[in-house]
Amino acid sequence: GAGVSQSPSNKVTEKGKDVELRCDPISGHTALYWYRQSLGQGLEFLIYFQGNSAPDKSGLPSDRFSAERTGGSVSTLTIQRTQQEDSAVYLCASSPRGSPNEKLFFGSGTQLSVL
Amino acid sequence: DAKTTQPTSMDCAEGRAANLPCNHSTISGNEYVYWYRQIHSQGPQYIIHGLKNNETNEMASLIITEDRKSSTLILPHATLRDTAVYYCIVRSPSNTGKLIFGQGTTLQVKP
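Each protein sequence line maps, in turn, to chains H and E.
First residue of the first sequence: 930, per the numbering used here; consecutive thereafter.
First residue of the second sequence: 181, per the numbering used here; consecutive thereafter.
Just so you know, the hints here were simulated from the structure itself, not pulled from any lab data.
Among these hints, one or two may not hold up.
For lysine to aspartate or glutamate, the following EDC-like pairs were computed, each having C-alpha atoms within a straight-line distance of at most 16 Å [as the list claims (entries may be wrong)]:
id : chain 1 : residue 1 : chain 2 : residue 2
1  : H       : Lys1032   : E       : Glu235
2  : H       : Lys946    : H       : Glu1031
3  : E       : Lys183    : H       : Glu1014
4  : E       : Lys290    : E       : Asp262
5  : H       : Lys944    : H       : Glu997
6  : H       : Lys1032   : H       : Glu1014
On a predicted model such as this, the values are computed, not experimentally measured, just so you know.
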């Protein structure tokens, strides 16, 4: 596709369930980022991928959060045993190489609601 | 990353220029200034970025002071569709390319 694609656009789950969020970056982009945005808050960095490796996982809030990327393309963010405080919009972004002189292209996000 | 300081909110009349200030007094010589905006319920949208020189593109102009401690984003003719949260971000080349977002400025363009 032409832009960063995220699925699902909306996800409602029950507390304690596991969820998987998917991100399809722009074709050819080696750098991929996950962010989350709680209601009324700014964007919080979660994890950065360069290819299939994650050199920066510093933003993952707990060990319930994990992410992987395969084939240097699609990435999945997994949240285990979801809690109500995990409710947020999860945003994915990509850039060609992760250079500081490149802009990030964001997807429209996945709205996660934990009941 | 250098911290940025932006006003919480601003108003602008439709058709007038919107000037959004940003302070980044601890910026280092190799750090870029980036501006993004986020319209309600959408992902952030890139606007412009610069290092030392002023920059202009089809969306906006970026004016960086000579000492690089502050900058101003200028939307030359604001429209109602420019109503959004505007984020000023200082980006370090040693920081894996990630952007650290602050709280931004909520710009309300009024008819």
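Hints versus structure:
1. Lys1032(H) x Glu235(E): Roughly 15 Å separates the two Cα atoms, so the pair holds.
2. Lys946(H) x Glu1031(H): Judged against 16 Å, a Cα distance of about 37 Å means the pair is violated.
3. Lys183(E) x Glu1014(H): violated, 26 Å
4. Lys290(E) x Asp262(E): The hint holds at about 10 Å.
5. Lys944(H) x Glu997(H): violated, 23 Å
6. Lys1032(H) x Glu1014(H): Violated, at about 30 Å.
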